[in-house]
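Undergrad: Residue-level listing of the chains:
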Amino acid sequence: MLGSEWMSRLASNDPKDEVMESMTGTVGLPESRPQEKARPDSAGGTEPLLKLRGVSKHFGAVQALYMVDLDLPAGQVTALCGDNGAGKSVLTKCIAGIHPPETGEMHWEGRLVHIRTPRDAAHLGIETVYQDLALADNLDIVQNMFLGRERLSGGVFLNEDDMERAAATTLASLKVTTVRSIRQPVATLSGGQRQAVAVAKAVMWNSKLVILDEPTAALGVAQTKMVQDLVRRLKDHGLAVMIISHNLNDVFAVADRIAVLYLGRMVAQDSISAFDRQNVVDYMTTGESSRSASGRRA
Amino acid sequence: MTDSQAASDPTLAVTAAAAELPPELEAQSLGQYFRAWLVRVRSGDAGVLPVVAALVLVLVAFSFLNPRFLIPYNLVNLFEQSAVFIVLAMAEGFVLLLGEIDLSVGYVAAIGGAVAAILVQPAYNCPWWLAVGAALGLCAAIGALQGTIITQLRLPSFVVTLAGYLSWYGLLLLFLGNSGQAPLNSDRIDGQVFIHGIVGSSSDPTMTWIGLVVVVVIFGAVLWLRDSGRRRSGLVAPPVGLTVLKILLIALAGFAVVYICNMDRSFSANPVVGMPWVIPLVIVVLLMWTVLLEQTWYGRHVYAVGGNPEAARRAGISVSRVRIIAFTLCSLTAGLGGILYASWLGAMTTNINGGQYVLYAVAAAVIGGTSLFGGRGRALHGLLGGLVIGAINNGMFMLGFQLQWQLIATGLVLLAAVTIDALSRRSATSGVLTHA
Chain A
1272 MLGSEWMSRL
1282 ASNDPKDEVM
1292 ESMTGTVGLP
1302 ESRPQEKARP
1312 DSAGGTEPLL
1322 KLRGVSKHFG
1332 AVQALYMVDL
1342 DLPAGQVTAL
1352 CGDNGAGKSV
1362 LTKCIAGIHP
1372 PETGEMHWEG
1382 RLVHIRTPRD
1392 AAHLGIETVY
1402 QDLALADNLD
1412 IVQNMFLGRE
1422 RLSGGVFLNE
1432 DDMERAAATT
1442 LASLKVTTVR
1452 SIRQPVATLS
1462 GGQRQAVAVA
1472 KAVMWNSKLV
1482 ILDEPTAALG
1492 VAQTKMVQDL
1502 VRRLKDHGLA
1512 VMIISHNLND
1522 VFAVADRIAV
1532 LYLGRMVAQD
1542 SISAFDRQNV
1552 VDYMTTGESS
1562 RSASGRRA
Chain B
76 MTDSQAASDP
86 TLAVTAAAAE
96 LPPELEAQSL
106 GQYFRAWLVR
116 VRSGDAGVLP
126 VVAALVLVLV
136 AFSFLNPRFL
146 IPYNLVNLFE
156 QSAVFIVLAM
166 AEGFVLLLGE
176 IDLSVGYVAA
186 IGGAVAAILV
196 QPAYNCPWWL
206 AVGAALGLCA
216 AIGALQGTII
226 TQLRLPSFVV
236 TLAGYLSWYG
246 LLLLFLGNSG
256 QAPLNSDRID
266 GQVFIHGIVG
276 SSSDPTMTWI
286 GLVVVVVIFG
296 AVLWLRDSGR
306 RRSGLVAPPV
316 GLTVLKILLI
326 ALAGFAVVYI
336 CNMDRSFSAN
346 PVVGMPWVIP
356 LVIVVLLMWT
366 VLLEQTWYGR
376 HVYAVGGNPE
386 AARRAGISVS
396 RVRIIAFTLC
406 SLTAGLGGIL
416 YASWLGAMTT
426 NINGGQYVLY
436 AVAAAVIGGT
446 SLFGGRGRAL
456 HGLLGGLVIG
466 AINNGMFMLG
476 FQLQWQLIAT
486 GLVLLAAVTI
496 DALSRRSATS
506 GVLTHA
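Heads up: the protein sequence lines correspond to chains A and B, in order.
Per this note's numbering, the very first residue in the first sequence carries number 1272; after that it's consecutive.
Per this note's numbering, the very first residue in the second sequence carries number 76; after that it's consecutive.
If we strip away everything but chain A, and leave its shape as in the complex, we get:
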């Protein structure tokens, strides 16, 4: 965690003090922060694993995100919804360290962090499964799961036996049992199996937050079901999951909370019980909904 302390020392002097909340576990931070009374959040009063406050990002003249707040509690699935161009991908990339936000704060386990590179995100325990899955087709399942983090013996040689055992354990804990051999090339897997391998790869590293980008796009019914089960298992393991999806069937099947982006603003964020399909669509398409009084504006 040396990296993140170094980062917090460089913490920007953010003007948006009104969104700053009390931070627990900030011992050792060089700056003192104004302490405010913690705002009760939708995660049931406990500090969410990742908390975004006032995050903004623009590309040239395009304001991709404007003052976005987002809570991602542990052990829950948060669905991030929004129409095309609403800023879902940009927000994901802010969290994943690919496009660090210009303003705003991110709190990880109550501690102020700055995620500037994908490596920073990985150090914290944030793993992203992109829509294209980022698997090398010519490598087998074990090789893909350990790609870039191979276990070595003697500093140079691959420790295949160790990696194979660990990969088998992870796949078994996620109940991914349909693959015929853990040593088959990823090119020979079905779409759902590939998604499962990508998710297993993400959860292997003691990750605490897994972001899934359109995990069921282009999957058949049975495979969608398999991925939904997988997401539930991640949640049962105590991980925070953020799932980005166009598919409201998916969202209502697995999500505990819903956050809706509209033109770069977070227009609604609450537990799933506050939504139905119709008002989610309303929020996605118009940014507001007259149908629901319980959807908290953020």
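By construction, these hints were calculated from the structure, which means they are not laboratory data.
Note that this is a predicted model, so its numbers are computed, not measured.
Fair warning: there could be bad hints in the mix.
To spell it out: a stretch of chain B is covered by chain A in this simulated footprint if at least three of its residues, at any positions, have a beta carbon under 8 Å from a beta carbon of chain A; those stretches are [what the hints assert, rightly or not]:
1. 304-310
2. 384-395
Okay, the calculated beta carbon distance ranges per label pair [what the hints assert, rightly or not]:
3. 487/B x 1443/A: 22 to 28 Å
4. 220/B x 1390/A: 25 to 31 Å
5. 320/B x 1443/A: 58 to 64 Å
6. 1425/A x 286/B: 22 to 28 Å
Using N, Cα and C, we set each Cβ at its ideal position, and we do this for glycine too.
Chain A is already provided as a structure; the job is to place chain B on it using the hints.
TA: Chain B alone, transformed into the frame defined by chain A:
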């Protein structure tokens, strides 16, 4: 980039077809293995089978057409001639695995041969290790330079190495000066004797047999311990019969080569026997590069970058570093190929056809089974492909065909290999269509 499209388009990721699984993954016995393997051969993915079959076909065909093709003299000669193709193909393999190409290997090899040959001329009289070391070092530096330009300026490797092709040819002419050659035929200068002797001298027959036994025992023990260890701990491992079969095949191939080398191959009263040193040297290079590519983190990253550069980048792999090292290793190995060329010729001259050698290097790697599209290939493919090209050249020469026909025949074989490569790729990405 069809590869990244295939990776990013989930609709291309189709349900696994039974035929595509490597047979050793599921087979419990040798019989099951062969049945699974036959299925895979029929589906167009047979590993090294096509090139081994091609090699046998070429050898049988030429031996029917010319009975002198299979005499010990010619077979040893064939090994010696093929060594340059083999080493250059293994060099090219590094960059082909990345989906890149290096057109400069022919003249980088020439630079390597020239530097080694010049340093053992009377004017310098360096010891052999200094001459060889300097040659390999310069070639590695050339590779690092080309790799750095390609990755840092983001230029296509095709163009950068084409520029290298011209520049290194010019440098070769500069190095060799007006005489245009550096002979290696003095028997008074130790360095020249050594370099010429790599191809030109042979090991003692008895020592060769002992060496073979040692190599086969070590190889067999390593393979057996690894496979049986994996079987015991319940990891994916080939059936016992396959492990035994592999060891037997290695022993058999080694026996055949040593037996041929130890037959008298002279046309005079003085017998010429023993294995030319180039053969163990090529095998050492093959082992080194096989271990590097298949057992180390670097090799794994090479395959990953070749298969899906974006996935490799997101996995935290420094793609530029992998590329630069690959181009360096490519040129380093090419330099060794150039030294073998000089040794075989007994001199280094400006007459070397670097353009043709680079095409043979690419052809040999692809004929051996390395994909032009990156991500698939082994050092062994260079050995097998190099032997095929060497056999075609040698056999057609023995039949009295002129160079033009050798070129046409090699070209047709290359075309066939590339076609097989492209077709097997297509069936891998549209498995349902071909296996339905």
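Undergrad: If any of the earlier hints don't hold here, list their numbers in rising order.
TA: 3 and 5
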